[in-house]
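Chain by chain, the residues:
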Amino acid sequence: MADDLRTVHIDTAHDSAWKHVAGSAPYIDDLPEAAGLLHGYMGQSTRAHAKLLSLDLTAVRAHPGVAVVFTAADIPGKNDVSPIYGDDPLFAEEEVIYVGQSLFLVVAETRAIAAAAAALAVVEYQDLPALLTIAAARAAGSVIEPAQTMKLGDVRAALASAPRKLQGNLVVGGQDHFYLESHIALASPREDGDVHIFSSTQNPSEIQHLVAKVLGRPDNAVVVEVRRMGGGFGGKETQCALFAAAAALAAVRLGRPVKIRVDRDDDMVMTGKRHDFEIAYEVGFDDQGVLRGAAFDLASRCGCSADLSVAINDRAMFHSDNCYFLGAAEIVSHRFKTHTVSNTAFRGFGGPQGMMGIERAMDEIAQAVGKDPLDVRLANLYGPGRDLTPYGQTVEDNIAAELIAALAEQSDYRARRAAICGWNESNRWLKRGIALTPVKFGISFTATHLNQAGALVHLYSDGSVMVNHGGTEMGQGLHTKVAQVVADAFQIKLAQVKITATTTDKVPNTSATAASSGTDLNAMAALDAVTTILGRLRLFAAETYRCAPADVVFRQGEVAAGEAVIPFTELVRRAYFARVSLSSTGFYKTPKIHYDRATHQGRPFYYYAYGAAVSEVTIDTLTGENRVDRVDILHDVGRSLNPAIDKGQIEGGFIQGMGWLTTEELIWDASGRLRTHAPSTYKIPTARDRPDDFNLSLWNGDNFEPTIHRSKAVGEPPLMLAISVFSALNQAVQACGEHKVPGRLDAPATPERILMAIEDVRRRAAAA
Amino acid sequence: MAQRTTLKVNGGTKAVEVEAGTPLLYALHDEIGLNAPHFGCGLGQCGACTVHIDGKPVRSCITPTSAAAGKEITTLAGLGTAGKPHPVQKAYVDEQVPQCGYCVSGWIMTAAAFLKETKNPSDEQIREALAGLKCRCGTHLAIIRAIKRAAKDMAQGSVA
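Protein sequence lines correspond, in order, to chains V and P.
The opening residue of the first sequence carries number 1 in the numbering used here; numbering runs sequentially from there.
The opening residue of the second sequence carries number 1 in the numbering used here; numbering runs sequentially from there.
One chain only, chain V, in its complex shape (with noise of 0.2 Å):
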């Protein structure tokens, strides 16, 4: 047979691009309406914190259509869709933490029938005082858990004996994420009382779990699908429940199915967003900008619950590092709870906010010494008798070095910084930065039991196959990469490998597809599994060819036993006909994590994903309008499995991560209402934010560890590429000042923060 039946390692299109193009992949709000079927709407409260002293639901239930109103005494099980704490209630019941917590579910014959009616609840409440921003809660001392502390030696002897010390702040703001597929569920009452549940999730056990609570069974009674998502992007790991929940409690309760598809508005403001943070830092370095010791103190808004806050938090603690040796550390983390929406995972989950504060640190020191930024970056850098994290781990696998002066020479930068700088001598109006700034980032869930994965392969016996694996797919191809693993060590053709839905019936007690891992994971997983299957196949051909198992050769869709060369579809059907099982179940571990969280201590990481990126950018010193002009970008994601996907998912990052940090704005009022809920006001890239200069290239090597064949996850890593956007829109914002001070330009860098920090540089250097 031809080469065609390799599978790994090529450019093979998403499982799903031709049902995309042709609009025929069934989405959840796509599946057929049984008969019967009622949809749900959720009220909520309009107020930031306050006691609920009344909730008046009569005219909701009088309003023509309604089925009925489910409130918090309906619960059967425990009011709570929280993933670990225990503190987020399915509905309010005598105080309410946000605008926009849901107080009762209409269910009713239409959406709108269900909307109209929610809006004659009548609700009476007694305001409380409410703590909407990060300096309201630290005030008032109001932490989702303790500060928590990150240490290597002694930062402060390191800073007090260093040559030269700065110390400065920066705001980050947070990010809605806009997946284009609002939240959805579709729950269906099955017999005993037990329920199904489409839901778009990244994380079925844990809405299987989770509604096993609410309705008071066991978790055998829940069954959670979910096929594709239209995006996810971590606001399907958590947010998902309240909508599973409420919609299954109204199916089992009414018997009927019922569907929740969330509105955009709606979506907006009830669900969790991208921790926005404030981060000071103190740096004690030499006269070439080497680091001595570095302190950070991180403050995130939480919002008025932990979900997954604690684990965000301490991931922006592993990335206070970046790819930089910090001497002696120390890492101060408050966890600060408002009485907003709580936030949530967001792809990163907090390493990016973490990376913010050591990269604008080392402008500014390079600022302080006169060097470019990028000889202070390289100077930094971890390296042989350098290469303890603040959190224990040694970083063993570090090509940085390599792959920063890989991308220098590629993209020219030394030539091209020397040209902005005179270009920007000779030009008033116009400003122009460039910046290279890397990513190290870590890959495995800091919670070491979530790596795990388990799998399901069946071989049917014309030889073909279906895989379900406890991953996700939202876009990123998770699929397509398992399918690619599975066909590649049965060695027969893609096409005869079928990924199904993933549901929790078939593989349970899955991890969330989430932490980059759902290819590490899950592929080793579909790999161990076919792994079994294959030896039963192996031993069979063995006993039917009479030659060893070790000489029994799976290649190119035959196989080769002592004199005998088959079809791999003839094995399987004479194996079926000997009564050999084709079925087996997988499973996969991360090998050599451990990770102690009293002393934040340990090797949380199995391994790292490494990148850099170039950005050129032009602002209008006028209007603080700003254009990217050209982007450069190496990444590393090992041995590809698919460059192609890949690729896709190092461009789509980036261009996330630069919305994050320059247009993408979130603003609440000050009675705590969101006012920036819908594309109208919330602004996302579009096709003209797109770099005008695009080159992408992957890293050619492999992963050190043994991972899914040697490649590397590729999720997350790509997004804090964008911080190169925003460190060169602040070199442009310094040029203003004749990079006499250091610019101070918060995130995200819309034109209004830009004229800010421009004047601000201006004021600083004239005083200079």
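Bear in mind the hints are in silico, worked out from the structure with no lab data behind them.
Fair warning: there could be bad hints in the mix.
Calculated pairs, DSBU-like style, for lysine-lysine (alpha carbon to alpha carbon, straight line, at most 30 Å) [as the list claims (entries may be wrong)]:
#1 Lys19(V) with Lys116(P)
#2 Lys371(V) with Lys151(V)
#3 Lys119(P) with Lys19(V)
#4 Lys19(V) with Lys14(P)
#5 Lys84(P) with Lys19(V)
#6 Lys498(V) with Lys84(P)
#7 Lys56(P) with Lys683(V)
#8 Lys148(P) with Lys19(V)
#9 Lys71(P) with Lys19(V)
#10 Lys19(V) with Lys152(P)
Could you slot chain P onto chain V? The hints should help.
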């Protein structure tokens, strides 16, 4: 009051029972059962609901069904199929554009109408034509590559 409206969709005729003001999106998606267009924002601001009416792209979430009665409505499924794709659909797969795939109606339907009017468009013209659309996976770079590829294919007449 729901009323019977006859819609000409993808070369066929479908009768739907909806109120006159019901958005065309719901008539196509909920009543006729087409998987695309999709509901994205409900405000005509993201484009995920885009269809053609008499060859022009419109946002079906803010178009009353009554306004489309008697006119030729085309959705992604009517534009082309895997077996007989429109050049933009083919280019989308060739350039590996779709990630989550939810927004695709907006881009492909808009681009198909645009390329019919504009042969060999410049980058600036493409950007201008697509400026009002949203894609959260950030596939914009691949989208531009695909549209240029489709424009070239259409100019060469190599694809139907």
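Hint by hint, here is what the structure shows:
| no. | hint | result |
| --- | --- | --- |
| 1 | Lys19(V) with Lys116(P) | 23 Å, holds |
| 2 | Lys371(V) with Lys151(V) | 29 Å, holds |
| 3 | Lys119(P) with Lys19(V) | 27 Å, holds |
| 4 | Lys19(V) with Lys14(P) | 23 Å, holds |
| 5 | Lys84(P) with Lys19(V) | 13 Å, holds |
| 6 | Lys498(V) with Lys84(P) | 23 Å, holds |
| 7 | Lys56(P) with Lys683(V) | 26 Å, holds |
| 8 | Lys148(P) with Lys19(V) | 22 Å, holds |
| 9 | Lys71(P) with Lys19(V) | 26 Å, holds |
| 10 | Lys19(V) with Lys152(P) | 24 Å, holds |
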